[in-house]
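Student: Chains as they are written, first to last, in the working numbering: chain A, 71 to 467; chain B, 36 to 292; chain C, 38 to 296.
The set of hints was computed from the structure by calculation and includes no laboratory data. Note that beta-carbon positions come from the ideal geometry of N, C-alpha and C, so glycine has one too. Hints are supplied without guarantee of correctness; some may be wrong.
[Said to hold, decoys possible] If we take Cβ atoms under 7 Å as the criterion, some of the chain B residues that face chain C in the derived model are:
id	residue
1	G98
2	R108
3	E109
4	P113
5	P116
6	Q151
7	K154
8	L155
9	S158
10	F159
11	F160
12	Y228
13	P244
[As the list claims (entries may be wrong)] Just a sample of chain B residues kept apart from chain C, beta carbon distances all over 12 Å, derived:
id	residue
14	G100
15	E195
16	N277
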Amino acid sequence: MEEIAHQLAPILEQITGYIYPNEIELHWRILIVVYPYITGLVAGAFILASLVKVFNVREVQPTYRLSLLTALAFLIVAPLPLLAHIGHPEKSLEIFLTPNFSSAMAMFGFIYAWYLMAVLLLEIWFDYRRDLIIWAKNEKGLMKWIHRIFTLFSTDTSERAVRFDKRSIKAITIVGIPSAFLLHGYVGFIFGSVKANPWWSSVLMPIVFLFSAIVSGIALVLLIYMVVTLVRGKEINMACLDKLAGYLFYTMIIDFSLEALDFIHRLYESEESIEILSQLISGRLFVSLIVIQLLLGMILPLAGLSSVKLFRVPAELRRHIYFVSALLVQVGIFTTRWNVVIGGQLFSKSFRGLTAYKMSLGGVEGLLVSLGFLILPFIVLYILVKIFPPWQEAKQP
Amino acid sequence: MKEANIERRDFLKRLIVSVLSFSSPGLLKAQEKSKESTSLYEKGYDPEEHLWGMGIRINRCIGCGRCADACKRENDVPRLPFFFRTWVERYIILEGDEVVVDSPTGGVDGFKTHVQEKKLVRSFFVPKLCNQCDKPPCVQVCPVGATYKTEDGVTLVDSEYCIGCRYCIQACPYGARFIHPRTHTAEKCTFCYHRIVKGLIPACVKVCPTQARVFGDTKGRASPLVRFMRMNKIRVLKPYLNTEPKVFYAGLDMEVK
Amino acid sequence: MKDISFLAKWAKKFWKKVPDQVVRLSIPILILIIGFIVMRNLLVPSDFGKYGHFRAAAIDELVSQEIQYSEHEMCFECHDDVVKAKNMSYHRGVECEVCHGPAAAHIEDPEGNQLPAPRERGYCPLCHEYLPSRPTGFPQIVSESHNPFRACVSCHDAHDPKPPTVPKECEACHAEIARTKALSHHVYISCIRCHKTPKEHNIRPRAHRPEKPSTREFCGECHDEKAPSAKGVPRVNMETHGERYVCWQCHYPHLPEAH
Numbered sequence: 071m072e073e074i075a076h077q078l079a080p081i082l083e084q085i086t087g088y089i090y091p092n093e094i095e096l097h098w099r100i101l102i103v104v105y106p107y108i109t110g111l112v113a114g115a116f117i118l119a120s121l122v123k124v125f126n127v128r129e130v131q132p133t134y135r136l137s138l139l140t141a142l143a144f145l146i147v148a149p150l151p152l153l154a155h156i157g158h159p160e161k162s163l164e165i166f167l168t169p170n171f172s173s174a175m176a177m178f179g180f181i182y183a184w185y186l187m188a189v190l191l192l193e194i195w196f197d198y199r200r201d202l203i204i205w206a207k208n209e210k211g212l213m214k215w216i217h218r219i220f221t222l223f224s225t226d227t228s229e230r231a232v233r234f235d236k237r238s239i240k241a242i243t244i245v246g247i248p249s250a251f252l253l254h255g256y257v258g259f260i261f262g263s264v265k266a267n268p269w270w271s272s273v274l275m276p277i278v279f280l281f282s283a284i285v286s287g288i289a290l291v292l293l294i295y296m297v298v299t300l301v302r303g304k305e306i307n308m309a310c311l312d313k314l315a316g317y318l319f320y321t322m323i324i325d326f327s328l329e330a331l332d333f334i335h336r337l338y339e340s341e342e343s344i345e346i347l348s349q350l351i352s353g354r355l356f357v358s359l360i361v362i363q364l365l366l367g368m369i370l371p372l373a374g375l376s377s378v379k380l381f382r383v384p385a386e387l388r389r390h391i392y393f394v395s396a397l398l399v400q401v402g403i404f405t406t407r408w409n410v411v412i413g414g415q416l417f418s419k420s421f422r423g424l425t426a427y428k429m430s431l432g433g434v435e436g437l438l439v440s441l442g443f444l445i446l447p448f449i450v451l452y453i454l455v456k457i458f459p460p461w462q463e464a465k466q467p
Numbered sequence: 036m037k038e039a040n041i042e043r044r045d046f047l048k049r050l051i052v053s054v055l056s057f058s059s060p061g062l063l064k065a066q067e068k069s070k071e072s073t074s075l076y077e078k079g080y081d082p083e084e085h086l087w088g089m090g091i092r093i094n095r096c097i098g099c100g101r102c103a104d105a106c107k108r109e110n111d112v113p114r115l116p117f118f119f120r121t122w123v124e125r126y127i128i129l130e131g132d133e134v135v136v137d138s139p140t141g142g143v144d145g146f147k148t149h150v151q152e153k154k155l156v157r158s159f160f161v162p163k164l165c166n167q168c169d170k171p172p173c174v175q176v177c178p179v180g181a182t183y184k185t186e187d188g189v190t191l192v193d194s195e196y197c198i199g200c201r202y203c204i205q206a207c208p209y210g211a212r213f214i215h216p217r218t219h220t221a222e223k224c225t226f227c228y229h230r231i232v233k234g235l236i237p238a239c240v241k242v243c244p245t246q247a248r249v250f251g252d253t254k255g256r257a258s259p260l261v262r263f264m265r266m267n268k269i270r271v272l273k274p275y276l277n278t279e280p281k282v283f284y285a286g287l288d289m290e291v292k
Numbered sequence: 038m039k040d041i042s043f044l045a046k047w048a049k050k051f052w053k054k055v056p057d058q059v060v061r062l063s064i065p066i067l068i069l070i071i072g073f074i075v076m077r078n079l080l081v082p083s084d085f086g087k088y089g090h091f092r093a094a095a096i097d098e099l100v101s102q103e104i105q106y107s108e109h110e111m112c113f114e115c116h117d118d119v120v121k122a123k124n125m126s127y128h129r130g131v132e133c134e135v136c137h138g139p140a141a142a143h144i145e146d147p148e149g150n151q152l153p154a155p156r157e158r159g160y161c162p163l164c165h166e167y168l169p170s171r172p173t174g175f176p177q178i179v180s181e182s183h184n185p186f187r188a189c190v191s192c193h194d195a196h197d198p199k200p201p202t203v204p205k206e207c208e209a210c211h212a213e214i215a216r217t218k219a220l221s222h223h224v225y226i227s228c229i230r231c232h233k234t235p236k237e238h239n240i241r242p243r244a245h246r247p248e249k250p251s252t253r254e255f256c257g258e259c260h261d262e263k264a265p266s267a268k269g270v271p272r273v274n275m276e277t278h279g280e281r282y283v284c285w286q287c288h289y290p291h292l293p294e295a296h
């Protein structure tokens, strides 16, 4: 009790105008910013992987398995920030046991489980099955057993079985794309369906979330691909990289247009909340929204990527532009999540005042824990890559 | 040994019932009904006979804040200025369309004179609390069924079941919910449910020295609230959100949000 | 018998056609589904869903909450004299527990749980300090100038609150109007010049209300062109000025120069 009084008292001084007394405590903090960011990366990475199978984009083949593993690594971590955030993680199973079907959040458990089990794990299993069997044959010790267990002890590498694998992958991918849309679209819906909050309440919210997810996923795979190839001392496949950057460019344009549409629509309709929202944008969100999200995270990388399209740029410079752009996009998308989640709570639902959010360094809801949750997927990915090498060379002919 | 056996048998029975219930959910319900219970609803209080509501007469409220104080005492609400089941707002409308709103410690310690240079146009107090919506957005979004609307129209929270995800707080347009710092679960005004089912009125209504708050049944029978609703032109807060509140205001000003 | 063996054969044939992968995957999937059903039945409270999508016992848990503010009638049982007096006074609508706090514990054990009675000067102004936000007509004072440093109870009985002496000046109750009028051109006009006030109004103000002027002609007694009033008084032609409106629809008599 003392502790919370200590925490909240300084915020009283930062309030401008009037906010409802219960609004002084800001409820969804940094962990809830991390959560949609991570699920966005999952959805984006998976949609990228699906391009290979559904639309037969040959160029991005080298990143197919890497994207799948990236999606899996981030998906495994995705629920952890939620779990850390809720007041009673020990009761979290209730969301599976007695889901309230009118709650967007209750559907989380099912969409997550569906996506993890019915889509990602299955696709990875079918894709790796034959390779796992062959690897297991030539291995000894622990690795042999790990690989055998992951094949579920199957040994069938006949042509008929492999054909079935391929057909299954195609089917799963076709189911998987709408599922990935669902996974992240629904995260947008969690916010977009809150009619009490004009900053969130928008039909465009799920779509904006989705496209920003695809943008961040592609950028992430591009980054991982570049770093990993560099670390492994291999040659970067420029055709693949160009294609990835191309996709990144186009999805960014869609994302940008959607966000601009949302902005213009709000401004033009100019509803009751417009005054407090413009105060918010020009004040407390100016740096994170205008400077970081818009200028650094969108305009700058768009300029970089379009310059590659417009001018003949040597491969070496291209690589640098791609790398920096993808990095900026990550920063941009993270602040997008920040601006939605935190921004939506900085103004009072009385539309008469603004409050403040001060992130702590330590504690469960602190910066360090959040950084941990952002680093953890890479550790998981490292382990996954060790067990399921996604490289072309590892693939058995 | 014997007990363990019975437990196991019970478990097996439930297991079978549950597997069957996948095809016919009626079975599960039947199993539940057979369980005896001595709950309030079976001891004479029939929730279907009531539909509770509250009326607030703005032009009677003197801003003494006794309601907010009594609520904290009755319901063990933390005595900190960040957590309120009910609070009082003061609106000061000045010349030039300037509106000053405040609610120092929710009104628990009363109000001090507000010093302003501009000329006063009008000023008044507005008591606020959970609006006990007929279409509560908080119940809609609760992922686990920890917040619910009873048959007699009161939205309550099951603190044993609440996981503390705070979605209900985000969904509430009126800022009526908070997280209790001790239990880490959501909390809000219950219309003093523990009092009203025993024939008492909510604590805030009871201590209001000017009878600015009126409590009663909106269903059929004569009650102070029915009379209030007949005698006044009433309005609710944020009607455009279609939450259908059951806290009705008489003499509500356009500046109140 | 024959039919069954045929069926079994057919099933065997079908089983062989099912790809190996599907068979292997179905095992963990089955385990998951069964695990889910078992968990659901072990962990979901049995009374969940009885009255709706919630735990039925939650209502009883909530209702078992202790009552702090008790019934008003209970005070009468012991303090009948005080309650009786209060019920005749201006404070008849103010329940005992407003000032004395929740009494449930006191009723259980009157000696052990004595209730406080606020006697300090800061308490009564919670309601009676002058605030422009308070409804007009509600009795208010400005505590800075209202007998500073003296406890309210030294002059007023909280159970029968009335001014210690019957107020002679209107200002005692109508401070806001008096202050406004003091700044206006009507400053020297006494209240009773316009409001005929019965004597009883000073004792029972609600039961015996003062009168208010009701006609244009009343203002015309001073402000008509032909009125026999002092020279500086502003005058209008009552025939043409303001048409059918009564004066106070445009002019506030307590501050006539305001617009």
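Student: All hints, please: hold or fail.
Tutor: Verification of the supplied hints:
Given the 7 Å rule on beta carbons, the hint for B/G98 holds: about 6 Å separates it from the nearest Cβ of chain C. Annotation: interface hint on B/R108 holds; nearest CB of chain C at approximately 5 Å, less than 7 Å. Satisfaction of the interface hint for B/E109 is found here, the shortest Cβ-Cβ separation to chain C being roughly 5 Å, below the 7 Å cut-off. Hint status for B/P113: violated, given a least beta-carbon distance of 15 Å to chain C, over 7 Å.
The interface hint given for B/P116 is violated, since its Cβ lies 17 Å from the closest Cβ of chain C, which is over the 7 Å cut-off. A least Cβ separation of about 10 Å between B/Q151 and chain C goes past the 7 Å threshold, and the interface hint is therefore violated. A hinted interface residue such as B/K154 counts as satisfied when its beta carbon comes closer than 7 Å to some beta carbon of chain C; here the least separation is about 10 Å, so the hint is violated. A cut of 7 Å between beta carbons decides the hint on B/L155: the least distance to chain C is about 6 Å, and the hint holds.
The interface hint given for B/S158 is met, as the beta carbon of that residue sits about 4 Å from the closest beta carbon of chain C, less than 7 Å. The interface hint given for B/F159 holds, since its Cβ lies 6 Å from the closest Cβ of chain C, which is under the 7 Å cut-off. This hint holds: B/F160 has a C-beta 6 Å from the nearest C-beta of chain C, less than the 7 Å allowed. Proximity of B/Y228 to chain C holds as hinted, the smallest CB-CB distance being about 6 Å (cut-off 7 Å).
Residue-level restraint check for B/P244 holds (minimum Cβ-Cβ distance to chain C is 4 Å; threshold 7 Å). A cut-off of 12 Å between C-beta atoms contradicts the statement that B/G100 is not in contact with chain C; the least separation is 7 Å. Its closest Cβ contact with chain C, about 7 Å, brings B/E195 to no more than 12 Å, contrary to its assignment away from the interface. B/N277, annotated as away from the interface, keeps every beta carbon of chain C farther than 12 Å; the closest lies near 21 Å.
Consistency with the previously given hints fails for numbers 4, 5, 6, 7, 14, 15, ordered from lowest to highest.
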